[in-house]
Amino acid sequence: MAVIEIQNLRKTYKTGFWRKTEKEGLKGISFEVREGEVFGCLGPNGAGKTTTLKILMGLIFPSGGTARILGMDIHDPRVKQQIGFLPEQPYLYDYLTPLELLEYYAGLSGVPARERRKRSEAALARAGMSEAANMPMRKCSKGMLQRVGIAQAIVHDPKVVFLDEPMSGLDPIGRREVRELIQSLHDEGKTVFFSTHILTDAEAICDRVAVLDRGELKGVDVVADLLSKARGKVEITWQGQPKIESIRAMSLDYHATGESVRAVVKEADTDRVVDAVRQAGARLVSVTPVHGALEEYFLAKVDAPKKEAEE
Amino acid sequence: MTGGAISRWAMTALLLSAAGAAYTSYRLERMRSGATLDDVLLVQSPKMVKAASLGYTGLAADIYWTRTVQYFGGKHREKAMRYELLRPMLALTTDLDPQLTVAYEFGSFFLAQKPPEGAGDPQAAVDLVKKGIAANPRNWRLYYHLGFVEYEERKDVIAAADAFEAGSRVPGALPWMKVMAAAMRQKGGEIDTARYMWTNIYESSDDPLIKQNAVYRLIALRIDEDVLNLEKMAAEYQKRNGSYPANWQQVIGMGWLKGMPVDPSKTPYRLMADGRVEVQEYQRFPFITRGLPAGKQSIERITEESFKPQQ
Amino acid sequence: MRARLALIAANTFREAVRDRVLYNLVFFALLMVAAAPLFGVISIGVEKIFMVNLGLAAIVLFGVVIAIFVGTGLVSKEIEKRTLYTVLARPVARWEFILGKYLGLAATLAVNTSCMAAGFFVAVAYVSVGLHAADVNLLVALYLIGLQLLVMTALAILFSSFSTPIFSAAFSFAMFVIGNFVEDMRGFAAMSGGPEGWLVRGLSYLVPNLGAMNVAAQVAHGQPVPGALILADTANALFYAVAALAAAVLIFERRDLK
Ligand SMILES: Nc1ncnc2c1ncn2[C@@H]1O[C@H](COP(=O)(O)OP(=O)(O)OP(=O)(O)O)[C@@H](O)[C@H]1O
Ligand SMILES: [Mg+2]
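Residue numbers (the numbering used here), protein chains in the order written: chain S, 1 to 311; chain F, 1 to 311; chain E, 1 to 258.
Please note that the accuracy of each hint is not assured.
What the hints assert, rightly or not - Here are the simulated DMTMM-like cross-link-like pairs (lysine to aspartate or glutamate), alpha carbons at most 20 Å apart as the crow flies:
1) E/258 to S/100
2) E/81 to S/94
3) E/258 to S/88
4) E/77 to E/253
5) F/114 to F/207
6) S/142 to S/131
7) E/258 to S/22
8) S/266 to S/225
9) S/20 to E/256
10) S/14 to E/19
11) S/20 to E/19
12) F/211 to F/231
13) S/233 to S/259
14) F/296 to F/226
15) E/81 to S/225
16) F/131 to F/97
17) F/296 to F/274
18) S/14 to E/80
19) S/159 to S/37
20) F/130 to F/78
21) S/142 to E/80
22) F/232 to F/207
23) S/243 to S/225
24) F/114 to F/84
25) F/131 to F/162
26) F/266 to F/225
27) F/114 to F/97
28) E/77 to S/88
29) F/296 to F/278
30) S/243 to S/253
31) S/27 to E/256
32) F/114 to F/156
33) S/159 to S/73
34) E/77 to S/94
35) S/23 to E/19
36) S/139 to E/256
37) F/155 to F/165
38) S/20 to S/37
39) S/233 to S/177
Source of the hints: derived by calculation from the structure; they are not laboratory data.
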């Protein structure tokens with residue numbers, strides 16, 4: 001069953017003092033997110049990711065097209081009971097502490113009064129904010145606010161969670177924690193829709209991704225398929241012989257640092273390269289398939305029109 | 001509730017309550033018809049008003065001046081015989097802004113005129129203009145107004161002459177201030193002087209009330225002058241012929257008149273057996289001092305049956 | 001729905017109460033009221049009159065400043081700073097947000113005004129050596145001030161529903177000033193007549209009739225306020241506040257958040 005259905009969604013922003021200048025944020029996109037999926041929305045800056053999320057949250061109104069969540073129109077009040085939302089760079093009431101904020105929000109989402117404290121504490125713990133739960137939010141760091149933002153998105157145990165760039169502002173440990181959190185939401189059977197322009201994050205946790213660019217949908221694909229499709233390259237490293245001309249000629253990338261060499265070759269050439277390394281008397285260090293798949297997919301989708309324009 | 005339903009509710013509430021607000025505002029207006037006078041009645045201390053106007057005393061003075069004119073207009077319309085608040089209002093206005101010269105010019109006029117044309121308090125008018133002169137000694141027009149009130153309302157030719165003379169010495173004063181001073185000093189120049197003054201007032205004022213008053217004054221002056229001249233002719237006739245003329249024909253026969261003498265309403269003057277001259281419809285001419293039937297008082301206000309002058 | 005309104009109102013109250021600016025404002029108002037007896041010494045014989053005028057003026061002025069700054073701050077700041085996103089992504093309708101904010105603000109103002117009023121009564125009792133029966137009129141004046149604040153808060157929210165915080169504050173303050181001269185506007189309209197007279201008269205129905213809710217001068221002289229006036233003022237203020245809030249909802253309901 002489709003949890004999110006987006007059909008020909010368009011958004012035209014009117015800007016300028018007289019609101020005369022029009023700017024197309026979304027040019028008619030359609031896709032579906034299935035139940036229990038972790039769905040990534042990818043795209044460079046200004047692609048329309050936040051616009052899509054704001055329309056889904058009812059914060060702005062689409063200029064055309066329809067969007068449904070859990071089979072209901074997005075403006076149906078019942079939808080809001082079942083969803084959680086982390087905005088891009090969350091701004092939260094800075095006169096409250098994280099715990100107060102979560103209790104307030106839990107109340108707004110209809111959590112019964114006696115459960116609010118318990119649920120808020122649990123959500124903060126999940127987001128790694130237990131220790132700072134009673135610290136005024138105006139003293140929180142950017143990363144801490146991001147964590148509070150994530151906690152408020154899940155405090156009322158929603159069925160669908162929308163996250164706009166959930167990893168931004170976090171340190172590497174934080175990123176991993178958020179990744180694990182999304183994973184655990186996935187394990188609980190929740191649907192997660194999140195936007196990012198960091199590809200490795202999406203690659204690691206998404207079931208499927210949509211690629212947006214300048215308001216247009218460039219493609220929707222299953223990540224596993226993408227990976228296998230693009231798996232055609234191997235990275236080979238060795239030591240002792242910096243210049244093996246026969247390999248350099250067939251390499252896609254060849255890089256020597258002192259005694260160590262790193263070469264990227266087509267998967268089909270692996271055996272020939274390995275043989276050449278042995279014959280040259282170098283010491284083979286590693287042979288690894290390359291995982292740049294999503295990045296390539298992404299760049300290919302995003303760059304295509306640019307190249308066309310250049311030609 | 002859907003968005004449309006909420007908008008309909010809000011629109012209904014807006015229309016109903018806007019109507020209610022307008023209606024109650026109208027009722028309040030009715031209920032508090034003299035509301036703007038409360039301040040003057042209760043807070044007769046300019047100090048307090050100054051404090052309350054937060055330094056915008058000029059603006060406060062303008063507001064009080066507007067209220068004064070409105071008060072005067074209202075009283076005038078209902079032909080009131082008492083203008084109790086006129087003096088305190090003018091005092092407050094001029095205390096707030098001593099440079100507001102219109103308040104002295106028109107204020108003295110409102111105060112000096114006999115009821116119901118004004119408050120009938122020439123002393124207060126003189127005091128007000130003197131206060132204005134003290135605050136604005138370089139404004140020669142204020143001396144003119146002082147002279148006018150002294151002469152016209154208090155019949156004090158000496159004081160009037162002094163005022164005109166003092167004013168004529170202010171740099172920039174128009175030359176006729178000197179003429180006025182001279183005329184005041186010279187006895188018998190009464191009608192001419194008065195005519196001069198009223199013509200000047202008519203020409204220099206934009207206020208319809210004041211202009212109208214000046215027109216009636218000028219008409220009255222013309223009648224006074226006519227009657228004086230006609231009575232002189234009758235006396236001369238009696239000196240020459242031993243008896244008063246029986247009709248105007250006889251006076252015309254002497255070559256002293258070109259035709260039937262008529263008042264401004266084209267009605268002939270009535271020649272009496274004792275050589276007096278009477279105005280036939282004297283009720284139509286307020287302010288006339290001559291030509292009144294024996295025992296009749298001069299009418300000191302403009303009435304309904306007053307002659308409507310043809311401009 | 002009622003639970004959510006109460007939560008939003010309570011949170012608004014909490015925000016206002018945690019704002020240091022509010023305490024400063026209330027403190028200054030109390031200081032002004034407390035200083036009034038000192039002014040009274042200067043104007044012998046009218047101590048109490050002066051005291052009442054000044055005290056009520058201080059209360060209404062500071063009340064309005066709070067209503068405007070906290071009011072525009074609380075709503076347009078939420079839009080400007082996007083704290084609203086996480087609220088409206090919950091089962092909170094936009095009209096509930098507006099109404100909840102309004103109720104919270106009204107509660108805040110009620111508490112503030114009560115504090116200032118208590119200080120005021122202490123000062124009056126000090127100046128006139130105890131309270132008298134006629135001082136009931138002061139309560140009426142305070143009640144009418146409360147009505148003015150209800151109207152001003154609704155206006156502040158209306159302006160913030162479509163404008164930036166600074167503009168909202170400026171518009172609201174302009175309305176407050178003009179609202180105090182509604183009766184003068186009508187006087188002017190009656191005097192000038194013609195199309196501009198009608199225009200001014202029409203405008204006088206658009207701005208709140210705050211002048212009619214200002215009875216400071218009367219009560220300072222111990223004059224009673226007619227019941228009919230209290231009633232008409234109450235109806236007018238409530239109608240006006242509802243109209244302003246309904247307009248705010250109409251605008252806000254369709255608006256794209258930035
Ligand atoms: N309020 C607005 N007024 C005018 N244009 C806007 C507005 N919001 C977004 N846009 C425009 O719409 C386009 C899409 O913006 P959006 O914020 O959805 O991008 P995004 O994919 O979230 O980018 P980022 O990765 O930088 O967050 C951009 O070109 C942007 O300039
Ligand atoms: Mg974005």
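Quickly compare the C-alpha distance for residue 139 of chain S and residue 256 of chain E to 20 Å and report which way the hint goes. 30 Å, violated
Need the status of pair residue 14 of chain S, residue 19 of chain E: alpha-carbon distance at most 20 Å? 36 Å, violated
Does the structure keep residue 114 of chain F and residue 97 of chain F at a Cα separation of 20 Å or less? 27 Å, violated
Would the hint linking residue 258 of chain E and residue 88 of chain S be met if the CA-CA limit is 20 Å? This hinted pair holds, its Cα atoms lying about 13 Å apart.
With a cut-off of 20 Å on the C-alpha distance, tell me whether residue 20 of chain S and residue 37 of chain S pass. 40 Å, violated
Given hint residue 94 of chain S paired with residue 81 of chain E - CA-CA distance at most 20 Å: Roughly 11 Å between the alpha carbons, so the hint for residue 81 of chain E and residue 94 of chain S holds.
Would the pair residue 296 of chain F and residue 278 of chain F pass a check requiring their Cα atoms to be no farther apart than 20 Å? Holds. Residue 296 of chain F to residue 278 of chain F sits at ~11 Å (cutoff 20 Å).
Pair hint outcome, residue 155 of chain F versus residue 165 of chain F [Cα-Cα no greater than 20 Å]: 17 Å, holds
Would the hint linking residue 159 of chain S and residue 73 of chain S be met if the CA-CA limit is 20 Å? It holds: about 16 Å lies between the C-alpha atoms, which stays within 20 Å.
Please work out if residue 77 of chain E and residue 94 of chain S have their alpha carbons no farther apart than 20 Å. 12 Å, holds
When you check the alpha-carbon spacing of residue 296 of chain F and residue 226 of chain F, does it fall within 20 Å? Holds, at about 19 Å.
Are residue 130 of chain F and residue 78 of chain F close enough, with their CA atoms no more than 20 Å apart? Given pair residue 130 of chain F, residue 78 of chain F is violated - Cα atoms ~30 Å apart, limit 20 Å.
In this structure, the earlier hints numbered 1, 10, 11, 12, 13, 15, 20, 22, 23, 27, 35, 36, 38 and 39 are contradicted, and the remaining ones agree with it.
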